[in-house]
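Required output: the full structure, derived from the provided sequences and hints.
2 protein chains.
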Amino acid sequence: MTGGSYVRLEDVARHAGVSLATASRVLQGSSHRGRPEYRAKVMASAAELGYIPNPHARALAANTSDTIGLVIHDVRDPYFALIAGGAIDVATARGQFVTMACTYRDPELEARYIANLRAQRVRAIILAGSAFVDAATSKAMTTELESYYNAGGSVVSITRHRLPGDCLVVGNRSGAADLARRLVDLGHTSFALLAGTTRLVTIRDRVAGFKKGLAESGIEVDPAFEVSGTFDHDGGLRATQQLLASGRLPTCIFASNDVMALGALTALRRAGVDVPGEVSVAGFGDVVMARDFVPTLSTVHLPLEEMGAHAMELALRDERGSSPRKVTINGEVVLRESTGPAASRRRR
Amino acid sequence: MTGGSYVRLEDVARHAGVSLATASRVLQGSSHRGRPEYRAKVMASAAELGYIPNPHARALAANTSDTIGLVIHDVRDPYFALIAGGAIDVATARGQFVTMACTYRDPELEARYIANLRAQRVRAIILAGSAFVDAATSKAMTTELESYYNAGGSVVSITRHRLPGDCLVVGNRSGAADLARRLVDLGHTSFALLAGTTRLVTIRDRVAGFKKGLAESGIEVDPAFEVSGTFDHDGGLRATQQLLASGRLPTCIFASNDVMALGALTALRRAGVDVPGEVSVAGFGDVVMARDFVPTLSTVHLPLEEMGAHAMELALRDERGSSPRKVTINGEVVLRESTGPAASRRRR
DNA sequence: CCAACGCCTGAAAGCGCTTCCCGAATCGTA
DNA sequence: TACGATTCGGGAAGCGCTTTCAGGCGTTGG
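One line per chain: the protein sequences are A and B, in this order.
Residue numbering for the first sequence follows my numbering, beginning at 1 and increasing consecutively.
Residue numbering for the second sequence follows my numbering, beginning at 1 and increasing consecutively.
Watch out, some of these pointers could steer you wrong.
Chain copies aren't distinguished; within one or between two, either way the pair holds.
Said to hold, decoys possible - Distance condition first, Cα-Cα at most 25 Å in a straight line; then the derived DMTMM-like pairs of lysine to aspartate or glutamate:
(1) K326 / D74
(2) K326 / D178
(3) K139 / D89
Hint data in this document are derived by calculation from the structure and do not stem from the laboratory.
This is the structure in structure tokens:
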């Protein structure tokens, strides 16, 4: 980036026959209303010369920028890809830029990255991804974020309580409880739980909600049926194989996210267990593949893309909300092919 | 972003008892080697005060920035999510920022975005996503990119020929031809092609390569077996249903990408057609779900994440290559459960 | 022992934009 | 018509950093 000539504001001003200050005021649009003929002239000149302001100069002078920081767990994970997609689209439509990082839930990496975003004077920071149950882990990151927030920056977090700024929280507890009720209605009485890491608040909530839903009907989960594993396809697969190896199967398996549920489905299929004839399977999240798998997966639908878009809209509000708002997004149970009436025990 | 106090270079300099210029030179590291005691003092002061340079001031003065522009088709598409993931990780590791946009193959949006990236003086632009066969469509975008390139910026494109700068090109033709040969070896003689949009260079190449591979064994594709559809799961599903409705099935279906192949698998499963017993199915790309589906999908593996990482590395080379380099990435055929020996015609 | 030569350092001039401040112009009203 | 109240435009001072330009000092060679 050495050469290259750029049209500067000064060029526009001269071309329009006004001062630099006036040109600047006109182009920022905002509330300024100068002499209409000046406005017109400046706009015309800018268009004619193909003027694009130097964002760095602007940022330096005004101490703000037109970029938003997006910090997520991992783009490769469809859950976050959807959120990011929704957020990015809104930003692009509003002429804002998005700088994105994947932090893989590493609190230290998060902290460093946030510090950099602050130095960049980003307009807002959007943070997606559940925190660890152990709040102390993310102390450094929280501090960093607070100092950004206190300096006037907007913060919007998704699924992450206790952070400054606005927050979109997913009704994990209630969604899972709803799902449990629906499954109980189908006649299920014995359940397995594939929990993934219980260190994540999100997962803990889903599990707790599910248990609560069952408890309303007096159903408890056999501890032997609570299997944990990694939070991905493979985790679901292995956990289910473990279940299969134990020789005893529940009538229904709840995985704390869709990808794990898909893994469970695969394991069952390979073992020749009929779904939903013998065992029903349900997940949480409604990631794209849930609809495309065979059998299609019953799950709790989360409007991930809309959540990303909503987060970006909150982030871009002109004025930072006087009082931080907390929006709860409730999932909706969607029963598809992977669940069915409980097979009567005798018949097996 | 109003309040907030930041440590400036001046503070560091004063604290270290040197001039601003010296502090600047030390902190940029680079080749400068001043008096060692000064170096040490400055470094220590910077660390002690928690100095983070203002990237905008730096960008303004030096006319470069520490950010890379990443322009992709769509984050939600796992193919691009993987590329983006690989690229972002490399950038983060090197202390660079990534600003990302999804342009949905809209050439006009691409052009606008690239112009903005240029104005931002990004260090490099990485562009992923096949172009349309019709080159004229992306004229504006190409022009914009050229003017960026000529101004000294680095450009790395993935799967996109004829653009200035370096290019990672996927061996679509050869990969598809390899796949075809392997399928022929399995005894298949009648093939269906689910092509998706043939307006994309990538797809056109895959189809052409596949046909070439078949032709080597004197096999041609029955025109009735060339079905096109949208480039996604649903497209593969519908195309296959169309095939099923026609009453005649090939022994093998090749979909020009994995998601379509997964759609085909779903359609066949629903219709009760055994895979690979009656029909074999293969895709292209080896997106994560290909390995996790039931049956697991035979496909051409593309090292997408590595491609993203590689692209970023090219983009971050200190000096822009004197002559733009073109790296060809060859896919590797992976036969999994969705393909098998051709069922003998008689036996059906 | 002195001149010529390097290497460092610090002062200062921008990079392109925003915004404060003040004089000029405009408007309303008596 | 004239005067104060407003509004608007232009000059100029930065925003925080890089980099040029001299000048200072320590070396080396004659």
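Right, here's what the structure says about each hint:
{"no.": "1", "hint": "K326 / D74", "result": "within (24 Å within a copy, 29 Å between copies)"}
{"no.": "2", "hint": "K326 / D178", "result": "within (22 Å within a copy, 54 Å between copies)"}
{"no.": "3", "hint": "K139 / D89", "result": "between (31 Å within a copy, 23 Å between copies)"}
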